[in-house]
Amino acid sequence: MKNLKLKAARAGRDLSQDDLAKICGVSRQTISAIEKGDYNPTINLCISICKALDKTLDELFWE
Amino acid sequence: MNILTSVPVAIGLIVGILLCIVLFKYANRDHKAKTDYDERQKNLRNNAYRYAFYTIVIYEAIMIILDMGSVSLPMEHFLLHFGAIIAGGIVQVGYSIWNDVYWGLNNDRKKYYIIFLVIFILNAIPIIGSLLRGGMIVDGKLSTPFLNVLCEILILAVIIELFIKSLVDRREDQEA
Numbered sequence: 001m002k003n004l005k006l007k008a009a010r011a012g013r014d015l016s017q018d019d020l021a022k023i024c025g026v027s028r029q030t031i032s033a034i035e036k037g038d039y040n041p042t043i044n045l046c047i048s049i050c051k052a053l054d055k056t057l058d059e060l061f062w063e
Numbered sequence: 001m002n003i004l005t006s007v008p009v010a011i012g013l014i015v016g017i018l019l020c021i022v023l024f025k026y027a028n029r030d031h032k033a034k035t036d037y038d039e040r041q042k043n044l045r046n047n048a049y050r051y052a053f054y055t056i057v058i059y060e061a062i063m064i065i066l067d068m069g070s071v072s073l074p075m076e077h078f079l080l081h082f083g084a085i086i087a088g089g090i091v092q093v094g095y096s097i098w099n100d101v102y103w104g105l106n107n108d109r110k111k112y113y114i115i116f117l118v119i120f121i122l123n124a125i126p127i128i129g130s131l132l133r134g135g136m137i138v139d140g141k142l143s144t145p146f147l148n149v150l151c152e153i154l155i156l157a158v159i160i161e162l163f164i165k166s167l168v169d170r171r172e173d174q175e176a
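Chains A and B are the protein sequences, given in the same order. For the first sequence, our numbering gives the first residue as 1, with consecutive numbering after it. For the second sequence, our numbering gives the first residue as 1, with consecutive numbering after it.
Okay, chain A solo, but in the shape it has when bound:
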């Protein structure tokens, strides 16, 4: 299932996938895979993404 909330939050902060990937210390393809719903990140990566986008886990990863 696509993670549109993550995509919207990233776009809302005017960050590209590459920018977010660099902040979180992962590859651009990993951010792309999470947004497309092709990869379920670990809780550690979820927390990194939430911190980078100033959001909570509920806001980005809870259905």
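Worth flagging that the hints you see were computed from the coordinates, not collected in a lab. Because the structure is a prediction, the values reported are computed rather than measured. Just so you know, even glycine gets a beta-carbon here, dropped at the ideal spot from N, CA and C.
Just a sample of chain B residues kept apart from chain A, beta carbon distances all over 12 Å, derived:
hint, residue
1, V22
2, L23
3, K34
4, F53
5, T55
6, I56
7, V71
8, F78
9, S130
10, G140
11, P145
12, L154
13, L167
Cβ-Cβ distance ranges computed for the label pairs, FRET-style:
hint, chain 1, residue 1, chain 2, residue 2, range
14, B, A33, A, D19, 23 to 31 Å
15, B, A33, A, I43, 27 to 35 Å
16, A, S16, B, T5, 50 to 58 Å
17, B, K25, A, T56, 36 to 44 Å
18, A, G12, B, D173, 20 to 28 Å
Following the hints, position chain B against chain A.
Coordinates of chain B only, in the frame set by chain A:
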């Protein structure tokens, strides 16, 4: 292969491994010999290594069956075993490239392409030398320089797959 030829090959392998460590340190942006991968990359690379392992097992099983059947292939035995390494390498690299996990987080791609070119040239020298001396076939069997041909096949497979993958990615980005 006798001791006179196996010692230089062994020295060549050790020098090659040391050269690779130096080149990787140069090619990684943080100058570490080890490439860093993120969690998704590590997961998928595990699959790549698994498929490479299966490839080598199947390859060697075929070689054992051929050997038991006294089927003689027109190449030296050590080349057949080296072929297993190359086959496994091609599978590992191919799976990694097609799943976007070939490049690590600290790799400088331009420097890696330079390394590929250097390795390609270094492997081409013995091939050209042997062709000038009359070919790679000694006593009706492919001999030592064919090691370099197998290395060239691996490098070409990497370069061609990276090129095709970049074209596919470009097309997908345009469609998105």
